[in-house]
Amino acid sequence: MNPSTKKFFLLFCLCIPALFAAAQDTAPSEKSKWAFSLHFSPDYSYRYLKISEYALFFNPYRIDYAGFLDSMNNNFEKGKVGFTAGSSVFYSASNRVTLETGVSVSDKGFRSNGFATASGVYPGFDYHRFNNYTSTRIMYLEVPLVVHYTLNPDT
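Going by numbering that gives the first Met the number 0, the first residue of the sequence shown is number 0, and it counts up by one from there.
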């Protein structure tokens with residue numbers, strides 16, 4: 000199964016329960032302490048390289064070629080479109096406090112059409128550019144625990 004088919008299948012599977020949840024009876028009844036939600040969002044992730052102050056402390060001459068390489072690699076890299084999908088469970092502990100937990104999967108990363116590297120020591124170093132297309136994909140599994148507090152529950 001190719002990646003676009005997998006994403007479509009995942010989106011389809013996440014939307015079906017939401018359709019059934021939307022079709023529930025809306026007659027007035029006692030408010031439940033439990034709630035369930037599904038979420039899906041497209042994401043755009045990007046990486047920006049910058050030399051760290053920590054690295055400069057130990058090697059102040061590094062800024063010349065490291066800063067140059069960071070700048071070159073930032074020009075080669077592009078953002079990547081991904082997604083975040085998951086579900087959440089809410090428990091209303093009181094009319095002011097609600098607890099939330101759940102599971103989310105995030106697809107992040109970046110694309111590159113080359114990279115630069117350097118060899119040698121300051122002040123003379125050799126710069127090399129490599130042209131190759133790569134796509135880096137990073138998947139995250141998130142399990143949040145959130146406490147919601149309402150300041151004015153009567154509104």
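Among the clues, some could well be false.
As the list claims (entries may be wrong) - Now the in silico label distances, taken between C-beta atoms and shown as ranges:
#: 1; residue 1: Ser-87; residue 2: Asn-130; range: 39 to 45 Å
#: 2; residue 1: Met-138; residue 2: Ala-92; range: 17 to 23 Å
#: 3; residue 1: Tyr-148; residue 2: Phe-39; range: 42 to 48 Å
#: 4; residue 1: Pro-152; residue 2: Ser-36; range: 15 to 21 Å
#: 5; residue 1: Asn-112; residue 2: Thr-83; range: 23 to 29 Å
#: 6; residue 1: Val-88; residue 2: Tyr-139; range: 15 to 21 Å
#: 7; residue 1: Asp-42; residue 2: Val-145; range: 18 to 24 Å
Hint data in this document are derived by calculation from the structure and do not stem from the laboratory.
Don't be surprised by glycine CBs; every beta carbon is placed ideally from N, CA and C.
Status of each hint after checking the structure:
1. Roughly 44 Å separates the CB atoms of Ser-87 and Asn-130, a value that falls within the hinted 39 to 45 Å.
2. Range check, Met-138 to Ala-92: about 33 Å between beta-carbon atoms, so the 17 to 23 Å window is missed.
3. Range check, Tyr-148 to Phe-39: Cβ separation about 27 Å, and the 42 to 48 Å hint is violated.
4. In this structure the hint that Pro-152 and Ser-36 lie 15 to 21 Å apart at CB holds, the actual value being about 20 Å.
5. For Asn-112 and Thr-83, the Cβ-Cβ distance of about 26 Å falls inside the hinted range of 23 to 29 Å, so the restraint holds.
6. Judged by the Cβ atoms, the range 15 to 21 Å given for Val-88 and Tyr-139 holds: they are separated by roughly 19 Å.
7. For the pair Asp-42 and Val-145, the supplied restraint of 18 to 24 Å holds, since their beta-carbon distance comes to about 19 Å.
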